[in-house]
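> Single-letter residue listing:
Protein chains: 2
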Amino acid sequence: MIRVDISKAEAIAAVPRMTDGERFAVRQKLLAHPRSEWVGLPSVYGAEYVARLETAAARLRAQCGAVVIVGAGGSSLGARTLIDALAEDGAPEAYYCGDNLSGAYLEKLLVRLRGKDFGVVVSSKSGGTLETLAALRVLYAELRARYGASAPARVLCVTGDEPSALKRFADEYSCETFDIPANVGGRYSALTPAGLLPAAVFGVNIAEVLRGAASEAEPELSEAAFRYAEARNALYKAGFGTEIFASFEPCAERLGAWWRQLFGESEGKDGQGIFPATAAFTGDLHSMGQYIQDGRRDLFETVLRFSDARSALRVPASEFDDGLSPVALRRFAELNALAEEAVLDAHAAGGVPVIRITAAEPDGRGFGAAVYFFELACAYSCLSRGIDPFDQPGVEAYKIRIKQRLDI
Amino acid sequence: MIRVDISKAEAIAAVPRMTDGERFAVRQKLLAHPRSEWVGLPSVYGAEYVARLETAAARLRAQCGAVVIVGAGGSSLGARTLIDALAEDGAPEAYYCGDNLSGAYLEKLLVRLRGKDFGVVVSSKSGGTLETLAALRVLYAELRARYGASAPARVLCVTGDEPSALKRFADEYSCETFDIPANVGGRYSALTPAGLLPAAVFGVNIAEVLRGAASEAEPELSEAAFRYAEARNALYKAGFGTEIFASFEPCAERLGAWWRQLFGESEGKDGQGIFPATAAFTGDLHSMGQYIQDGRRDLFETVLRFSDARSALRVPASEFDDGLSPVALRRFAELNALAEEAVLDAHAAGGVPVIRITAAEPDGRGFGAAVYFFELACAYSCLSRGIDPFDQPGVEAYKIRIKQRLDI
Numbered sequence: 001m002i003r004v005d006i007s008k009a010e011a012i013a014a015v016p017r018m019t020d021g022e023r024f025a026v027r028q029k030l031l032a033h034p035r036s037e038w039v040g041l042p043s044v045y046g047a048e049y050v051a052r053l054e055t056a057a058a059r060l061r062a063q064c065g066a067v068v069i070v071g072a073g074g075s076s077l078g079a080r081t082l083i084d085a086l087a088e089d090g091a092p093e094a095y096y097c098g099d100n101l102s103g104a105y106l107e108k109l110l111v112r113l114r115g116k117d118f119g120v121v122v123s124s125k126s127g128g129t130l131e132t133l134a135a136l137r138v139l140y141a142e143l144r145a146r147y148g149a150s151a152p153a154r155v156l157c158v159t160g161d162e163p164s165a166l167k168r169f170a171d172e173y174s175c176e177t178f179d180i181p182a183n184v185g186g187r188y189s190a191l192t193p194a195g196l197l198p199a200a201v202f203g204v205n206i207a208e209v210l211r212g213a214a215s216e217a218e219p220e221l222s223e224a225a226f227r228y229a230e231a232r233n234a235l236y237k238a239g240f241g242t243e244i245f246a247s248f249e250p251c252a253e254r255l256g257a258w259w260r261q262l263f264g265e266s267e268g269k270d271g272q273g274i275f276p277a278t279a280a281f282t283g284d285l286h287s288m289g290q291y292i293q294d295g296r297r298d299l300f301e302t303v304l305r306f307s308d309a310r311s312a313l314r315v316p317a318s319e320f321d322d323g324l325s326p327v328a329l330r331r332f333a334e335l336n337a338l339a340e341e342a343v344l345d346a347h348a349a350g351g352v353p354v355i356r357i358t359a360a361e362p363d364g365r366g367f368g369a370a371v372y373f374f375e376l377a378c379a380y381s382c383l384s385r386g387i388d389p390f391d392q393p394g395v396e397a398y399k400i401r402i403k404q405r406l407d408i
Numbered sequence: 001m002i003r004v005d006i007s008k009a010e011a012i013a014a015v016p017r018m019t020d021g022e023r024f025a026v027r028q029k030l031l032a033h034p035r036s037e038w039v040g041l042p043s044v045y046g047a048e049y050v051a052r053l054e055t056a057a058a059r060l061r062a063q064c065g066a067v068v069i070v071g072a073g074g075s076s077l078g079a080r081t082l083i084d085a086l087a088e089d090g091a092p093e094a095y096y097c098g099d100n101l102s103g104a105y106l107e108k109l110l111v112r113l114r115g116k117d118f119g120v121v122v123s124s125k126s127g128g129t130l131e132t133l134a135a136l137r138v139l140y141a142e143l144r145a146r147y148g149a150s151a152p153a154r155v156l157c158v159t160g161d162e163p164s165a166l167k168r169f170a171d172e173y174s175c176e177t178f179d180i181p182a183n184v185g186g187r188y189s190a191l192t193p194a195g196l197l198p199a200a201v202f203g204v205n206i207a208e209v210l211r212g213a214a215s216e217a218e219p220e221l222s223e224a225a226f227r228y229a230e231a232r233n234a235l236y237k238a239g240f241g242t243e244i245f246a247s248f249e250p251c252a253e254r255l256g257a258w259w260r261q262l263f264g265e266s267e268g269k270d271g272q273g274i275f276p277a278t279a280a281f282t283g284d285l286h287s288m289g290q291y292i293q294d295g296r297r298d299l300f301e302t303v304l305r306f307s308d309a310r311s312a313l314r315v316p317a318s319e320f321d322d323g324l325s326p327v328a329l330r331r332f333a334e335l336n337a338l339a340e341e342a343v344l345d346a347h348a349a350g351g352v353p354v355i356r357i358t359a360a361e362p363d364g365r366g367f368g369a370a371v372y373f374f375e376l377a378c379a380y381s382c383l384s385r386g387i388d389p390f391d392q393p394g395v396e397a398y399k400i401r402i403k404q405r406l407d408i
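Protein chains in written order, with the numbering used here: chain G, 1 to 408; chain B, 1 to 408.
If we strip away everything but chain G, and leave its shape as in the complex, we get (with noise of 0.2 Å):
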């Protein structure tokens, strides 16, 4: 279960609730839109498929020291997340690329995969992403010159169903091949094999993930989605137009990186839009902690937590006298929970609002309700202010300007 807090808010600005009518027209208007085919996702993907997700991840996983996950945005970021969070010990070195044209990085790359045994799982939902076409060309080079007519084997794609590059690659080295539905956007699209093939390859439990989705799709989860996006809408209606998120766990710092796109890419439009931030606490207190307590107060934060964190790691006996002493033999999950409680109650105490999202556990299924509801919320955070969560006009600008500098 997903719960929102949002009383050291609504300490700061009044968080009007929408009526039942307003809420049942923003699902309405969610339900009616063409590229809400992910709501549903999480029940639609059925045992069959998630086994063959899983055969083609195991089958790569077994001939991989090391796998390179390539894609860029919502192809990278849902995966990376799952991966970060959840890999299992013993699972293959993870490496990313395809999100950036940087030769200096890619001949590192291929510096450390010297020696390993690797595959590649690449991933665009169009097809056509500059940068993942081209470090796939340096990755498949090097495939093909280690493994000669097995490299082909050692690549699994993902990608959307229409004709593109990547389909071709995918046709022409009879590579497997996993389907983003066409209706479903990359930054909705971590519950998809977007995100589930990969983190399948590093040993992810995705049925629990998916499990963790589809039982959160219920009332309760509309529930907390709608309070969370009416407070952050009343907040950026009261000044507030930049949104923190952070968690005391480092497992979801890059859900951080992944939310952040989600909600960037939905509400940054003509002019308007909460600015999206990412802090990863405590060690970003070290950094912006001066600036949260003491800056401009145009600040609000959304904290992310585990009702149970799982680990039974104590603080150490000591022999000698570091002043720790009375947090000896405790806790640490123990000990952070009240961290956070102390720190959360300094930022209200200095005017920033605080959003509490609190998950079950970090662990599949945490991840996965976590993921969902986030999805849910940015949705209708939008509509409820009219704007449309599953367009993107902007990034057209620099695409277009890269194309017309490269020739392509």
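Incorrect hints may appear among the rest.
Same chains, same names: a pair is fine if it fits in one copy or spans any two.
Claimed, not checked - Derived DSS-like pairs (lysine-lysine); straight-line CA-CA distance at most 25 Å:
| id | residue 1 | residue 2 |
| --- | --- | --- |
| 1 | LYS403 | LYS269 |
| 2 | LYS237 | LYS8 |
| 3 | LYS237 | LYS269 |
| 4 | LYS403 | LYS8 |
| 5 | LYS269 | LYS399 |
| 6 | LYS29 | LYS237 |
| 7 | LYS269 | LYS29 |
| 8 | LYS269 | LYS8 |
| 9 | LYS399 | LYS8 |
If you are wondering where the hints come from, they were derived from the structure by calculation, not from laboratory data.
Start from chain G and add chain B according to the hints.
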């Protein structure tokens, strides 16, 4: 040489130049400040001191397949910047902790260290950082269990000269220890042992880093730093309240995290200050590109580039048509530079002022120069607005509350 190009900012907002007299006064204020010792440090550390750092680093490296850097904020971000960008091939694996209280994170770290000989570099200016001391307890218990009486030889300490818990630890176990000068604040300590010692462990040529910084201690650098400070202050005054630090070279991504602390912690005071955010291009164009192009028009960008990105890697030929034939056999470095021009043109056309900082090469000299340049520019930025660049009064609010809750 560091160069600053503000033409894509001036086109959107005027950037008045301070008079020579005003600049002189700011420079004098900086040099008269009791905490400005870092200004001279790159020239002060001599060959003998560098040799001492390198000897200790080599001794640790020789024993270790993995080295854990334990520290937070200024005692971690500078080190990590240099290691991420410049670690040599074949260096030990790098792990980081001491900047969170997550038991799950530390447990995972212990799992990853299994079967690997490891060592520790622990760093804390105050010597009393809670998360750092707690993580040190965990790691030292593991070292003792594995290596018994020789455990202390696997720990290097970096701390201030005042009595502290970390100092007592170092004394108790006779660990080799290096000083952070008393008058150098954490966020200005990247070019002290806090950054240099861990970097040396991973094979970074720290003499080159210092040379890069010292070679820049010249009128040209001061000119560039003032121009950057003037531009960002003028933009802030004109209503551009959020600055995004970005680079098209992934090796500079971690420098962004360091930059964020430097500027955010120095300027975010009294309800004022530019909000510092970071991005890694082209990757984050796939997440934040829409917002930057089309969201709230109070953003500006500071983009770090390297005049020689060095890599000779070319886009390989391909047997089939993926649409990239016009760029086949061309250098990635060239394509990346063209993409950068295209993207920054698009952003400026969309109303986002862009400041471009150019360093020479992404090597030790280039990073040393960039670090020193940003430190100087930050001090100038603050002092010309009447802000103390070296205090952080707001961080006590959360620290006091944590201590109360944890009873320490």
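> If a hint holds in the structure, say so; if it doesn't, say that too.
These are the hints, each one checked on the structure:
1. LYS403 to LYS269: So LYS403 and LYS269 pass the 25 Å test inside one copy only (23 Å; across, 43 Å).
2. LYS237 to LYS8: For LYS237 and LYS8, the Cα distance is within 25 Å only inside one copy (17 Å; across copies 31 Å).
3. LYS237 to LYS269: For LYS237 and LYS269, the Cα distance is within 25 Å both inside one copy (16 Å) and across copies (24 Å).
4. LYS403 to LYS8: between (47 Å within a copy, 21 Å between copies)
5. LYS269 to LYS399: within (17 Å within a copy, 38 Å between copies)
6. LYS29 to LYS237: within (22 Å within a copy, 41 Å between copies)
7. LYS269 to LYS29: within (19 Å within a copy, 43 Å between copies)
8. LYS269 to LYS8: between (28 Å within a copy, 22 Å between copies)
9. LYS399 to LYS8: between (41 Å within a copy, 19 Å between copies)
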